[in-house]
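Residue numbers (the working numbering), protein chains in the order written: chain A, 1 to 505; chain B, 1 to 94; chain C, 1 to 478.
Simulated from the structure, these hints should not be mistaken for lab results. From a predicted model like this one, the values you see are computed outputs, not experimental measurements.
In silico negatives: residues of chain C with every beta carbon more than 10 Å from chain B:
| # | residue |
| --- | --- |
| 1 | Asn2 |
| 2 | Asp24 |
| 3 | Thr46 |
| 4 | Asp136 |
| 5 | Val233 |
| 6 | Asp235 |
| 7 | Lys276 |
| 8 | Glu277 |
| 9 | Gly404 |
| 10 | Glu405 |
| 11 | Gly436 |
| 12 | Asn440 |
| 13 | Gly441 |
| 14 | Glu456 |
| 15 | Thr457 |
Below, a list of computed lysine-lysine pairs in the DSS-like style, where the Cα atoms sit at most 30 Å apart:
| # | chain 1 | residue 1 | chain 2 | residue 2 |
| --- | --- | --- | --- | --- |
| 16 | A | Lys130 | A | Lys211 |
| 17 | C | Lys284 | B | Lys39 |
| 18 | C | Lys232 | A | Lys54 |
| 19 | A | Lys450 | A | Lys484 |
| 20 | A | Lys368 | A | Lys174 |
| 21 | B | Lys41 | C | Lys451 |
| 22 | A | Lys80 | B | Lys49 |
| 23 | A | Lys255 | A | Lys202 |
Per the computed footprint, the stretches of chain A lying under chain B, defined by three or more beta-carbons under 8 Å from a beta-carbon of chain B, are:
| # | stretch |
| --- | --- |
| 24 | 25-39 |
| 25 | 50-63 |
| 26 | 279-286 |
We put the CB at the ideal spot given by N, CA and C, even for glycine.
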Amino acid sequence: MNTFETVIGLEVHLQLNTDTKIFCGCGNIFGQAPNAQTCPVCLGLPGTLPVLNKKALFYAMKIAMALNCQISPYIKFDRKNYYYPDLPKGYQISQYDFPIAKNGFLMVNAHGDLKKIGITRAHLEEDAGKLIHDTAVNCSLVDYNRTGTPLMEIVSEPDMRTPQQAHDYLTALKLTLQYLDISDCDMEKGSLRCDANVSVRKMGDAKLGTKVEIKNMNSFKAVKSALEFEEIRQQKMIAAGERISQETRLWSEEKQATFAMRSKEEAHDYRYFPEPDLVPFIVEQKIIDEIAHSLPELPLQKLERFISRYNLSSYDAGILIQDKHLAEFFEGCAQLYSENITPVSSIKNNKENRDNTDHTHILKGVSKKITNWIIGPLQQELNSRKSDINTIELKLEDFVKLIALVESGSVSNLVGKDVLKFMLDSGKGPEAIIAEQGLAQVSDTGALEKIVDEILNEHAQIANQVKEGKESAIGFLVGQSMRKTHGKANPKLLGEIIKRRLLNG
Amino acid sequence: MISKDDVRYVAHLSRIHLQDNEVDHLAKDLEKILGYIEKLKEPDITNIKPTSHVLPLKNVFREDIVRPSLKQEAVMKVAVSHHNGSFKVPQVIE
Amino acid sequence: MNLNELTAHELRDLIKAQKTNTTDIRDSLLDKIKRADSKVKAYVRTFDTPKDFKEIDTAAGIPISIKDNICIKDQETTCGSKILKGFKSPYDATVVKKLKQSGVSFIGATNMDEFAFGSSTENSCYGPTHNPWNLDCVPGGSSGGSAAAVAAHEAIWALGSDTGGSIRQPASFCGIVGLKPTYGRVSRFGLIAFASSLDQIGPLAKDVTDSAILLNIIAGHDENDSTCAEVKVPDYTKSLVKDVKGLKIGIPKECFIDGLDPEVKTAVMEAIETLKEQGAIFKKVSLPHAQYAVATYYIVATAEASSNLARFDGVQYGFRTHPEQSRRTPLIDMYEETRDKGFGSEAKRRIMLGTYSLSSGYYDAYYLRGQKVRTLIKNDLDKIFEECHAIITPTSPTTAFKIGEKVEDPLAMYLSDIYTIPANLAGVPAISIPCGFAKNGLPIGLQITTKPFDEETLFRIAYTYEQSTDWHKQKPKL
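Start from the sequences and build out the full structure, keeping to the hints where you can.
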């Protein structure tokens with residue numbers, strides 16, 4: 001089938017969301033007026049010196065641990081020397097031979113399969129400024145606000161074999177980082193940048209093909225598209241007997257293709273040497289322990305726990321964990337809901353027998369309901385409002401209350417969805433909305449019998465079909481009854497009444 | 001030991017344009033100086049660690065607390081050439 | 001005597017006794033500068049009294065002169081280079097902040113070898129400074145302007161910087177006191193860097209007492225400098241005692257090299273006798289790797305310098321120019337032309353040497369090897385300080401040479417730092433004090449070196465010698 005094998009490695013640069021820059025006290029906020037968030041240090045003015053932001057180092061170690069890396073006990077910084085207008089000192093303070101972390105991995109959950117992608121190394125460095133090319137005035141403009149933002153560079157092993165895997169790796173990485181709350185991971189804002197290294201070889205070849213570097217991809221989708229384009233380009237060349245040049249190519253979103261860089265990129269001689277203005281860092285075991293202790297539950301851990309504790313399917317759990325806050329919301333709801341239920345068994349036996357196993361049992365029972373409400377109606381609302389659980393105005397108690405009201409029959413499922421809409425619009429609780437708008441479910445059998453009379457009259461033909469054995473048509477009649485009551489009728493009761501009338505008597 | 005081509009290459013690495021007579025002159029000077037520096041091959045450096053920091057200082061940090069930045073006007077005052085709050089340079093071709 | 005001819009501690013006493021004030025002292029200095037500086041050329045610019053200047057009635061309220069590589073807010077700071085002409089720093093160096101806090105006003109910026117690259121103050125874009133003892137001679141470098149100003153009474157005291165001897169050697173050539181503190185004793189924040197692991201700011205003064213007072217003000221921890229030590233600053237004036245009984249001082253056998261001027265040797269030997277009479281005990285010691293100090297320095301220091309000077313590229317501040325005809329791209333042309341026209345020849349030489357020693361294929365043979373030999377030199381000194389309190393040597397192998405004499409021979413120029421460089425490589429403190437004159441009337445300097453953060457012993461020995469002699473009272477007649 002496929003006679004070629006693609007080998008992909010990714011280099012990700014992440015901006016850390018510390019309050020200040022890595023080597024100076026300037027704020028670290030995106031979108032300020034040009035050069036309004038700079039100081040002599042990050043401008044690289046003569047005579048200035050760097051001092052390391054402790055939090056940046058700790059964040060970097062946290063990321064390294066979450067990526068299962070070995071933390072180096074001895075950390076030092078080095079100068080990477082090159083000339084570019086966005087690099088004010090003429091060198092970047094980075095790490096060369098003693099990076100913070102090495103030899104880690106990320107488990108990537110790709111459509112049910114778990115693939116282990118190796119992480120070669122991760123290190124801390126300072127970001128450069130922003131260069132804008134103004135062709136109108138035939139010049140380039142430099143804004144140094146971004147200079148000095150702490151960056152974590154994460155280099156993966158060339159373990160990915162398809163563009164989809166690369167996409168999955170980025171998704172998994174972004175999710176892990178969201179859980180750490182250390183980076184915004186926004187490719188559009190530039191807080192996450194990705195370069196790819198891709199080579200193609202004949203299947204079975206031990207030797208790697210020529211590595212091509214791809215830059216200028218501004219979204220995860222672009223990374224996938226660029227890699228798809230590039231692997232085909234390289235396959236075609238190899239098949240035609242052409243040699244692949246080791247080069248850097250830029251992805252064009254407009255043209256959906258990669259192009260060799262216009263200026264011949266000379267091999268940089270970065271002349272790395274130890275940064276004399278920064279002293280080394282000895283990482284004591286107690287610091288590593290402290291950081292390990294401060295790690296939150298990571299995505300895969302939460303996934304496993306949701307499956308076992310809440311008896312969720314891996315599909316459902318997989319959806320919930322995609323957003324850490326949504327997952328937390330789910331757990332909060334599940335806990336609150338289960339706490340407010342009196343277990344049937346303990347009423348039967350003895351209230352004092354209520355214990356953990358009962359609670360766990362209840363938890364498992366309610367979780368499916370709650371998950372359905374979250375993944376279904378709530379997610380729909382979030383999508384249509386282009387929002388997420390953090391920005392929406394929804395109290396956890398109100399949501400739980402709504403679900404309880406639907407479960408108890410006070411309001412129908414269908415109407416419940418409307419109530420949710422009104423809750424999100426107004427910020428009011430479900431009871432208030434139901435009362436104000438008279439949305440309470442009609443469960444009064446008298447009233448329901450009257451509705452059924454009307455419906456059976458209006459749809460006599462269908463009623464006959466039911467009598468003749470087509471039970472499935474009951475659903476249609478229930479639906480019509482619901483319409484008549486604007487969704488307020490209790491559909492379960494309606495179904496029972498219709499069934500009784502048509503089939504039993 | 002150090003040719004004129006070496007000098008031109010190092011000059012480019014250093015982003016300094018040298019006139020031809022400067023290249024000649026520097027080649028001679030550097031040859032002489034590097035010749036003297038050959039001395040460094042004499043001492044035995046087996047198992048000697050390099051000194052990049054002369055004080056045994058370790059773990060010097062700063063807390064993550066915001067300090068006031070310079071105002072844009074103050075930064076532009078320093079600039080050789082600027083436009084709308086940014087530093088202006090000849091067009092960079094990519 | 002005129003006010004400008006007094007020492008800072010004498011002026012302090014007069015201020016305390018309300019017999020004078022800062023304004024009168026400033027006027028006296030500015031008057032002398034007007035009369036003498038056209039000959040000495042110690043200053044590159046003088047400053048008016050700042051509008052917000054407050055007279056503070058403290059010991060430190062004496063006007064000071066600053067080497068042109070230390071940043072003063074809103075003042076031009078050019079490091080003696082064309083490439084920084086017009087650059088006005090938007091911030092104060094930490095030492096400047098400390099001086100301002102103690103009520104010091106600044107008289108002016110003094111001349112220096114461009115970016116501190118030099119031992120003669122001939123490499124300045126402003127032209128050379130002249131030695132006040134003999135105007136045909138160099139004042140030493142790179143802090144030659146500061147040294148000459150103090151010697152000529154155009155300054156009461158001054159700050160310089162020392163990377164390989166740039167405070168001590170000019171102090172020696174000009175017959176004044178120059179101290180390089182322990183690396184990390186004084187903040188480097190605001191000192192335009194030459195070699196980051198070697199640079200230190202230090203005092204140039206008329207006598208040891210003034211040197212101690214000035215170090216008291218500028219020393220101390222700075223949170224803006226990661227390499228600045230958190231070691232408590234003692235009151236260095238308490239070390240100004242005439243007592244060296246029982247102090248062990250080493251004389252390295254390697255210091256009596258071939259190029260050592262016999263008159264310098266004689267003066268230093270006599271100084272040793274004077275200290276012996278005061279009770280110091282001398283012993284022969286060895287610095288077996290001292291012969292590699294100059295070579296090590298010129299690899300390590302230039303490597304760091306080549307990186308530190310990469311920022312001078314015409315992009316942000318200072319000087320910028322373009323070639324008449326395009327060569328590569330507009331941007332690269334700008335870089336290359338700016339740096340060619342903006343840097344002097346010594347600066348270019350050092351940047352090239354430094355870049356070369358860091359470049360691919362040469363790093364191990366040059367830079368890495370240099371850092372390892374540096375360890376050997378440091379170990380030599382550490383070992384001596386286990387048995388001795390101090391080391392004594394000449395500051396320089398010769399007295400001040402003629403202007404133009406060594407400019408064509410960079411290697412010969414580099415070798416004049418042979419005694420001063422080891423202290424920078426090891427990060428230890430060292431002081432140069434006047435110890436006599438050659439027959440040609442030029443001053444001779446004596447250097448004392450101690451272990452890290454032991455400036456107290458340094459001052460004790462220096463003060464004892466100084467007070468046993470008259471050299472410090474002698475100043476050139478201009």
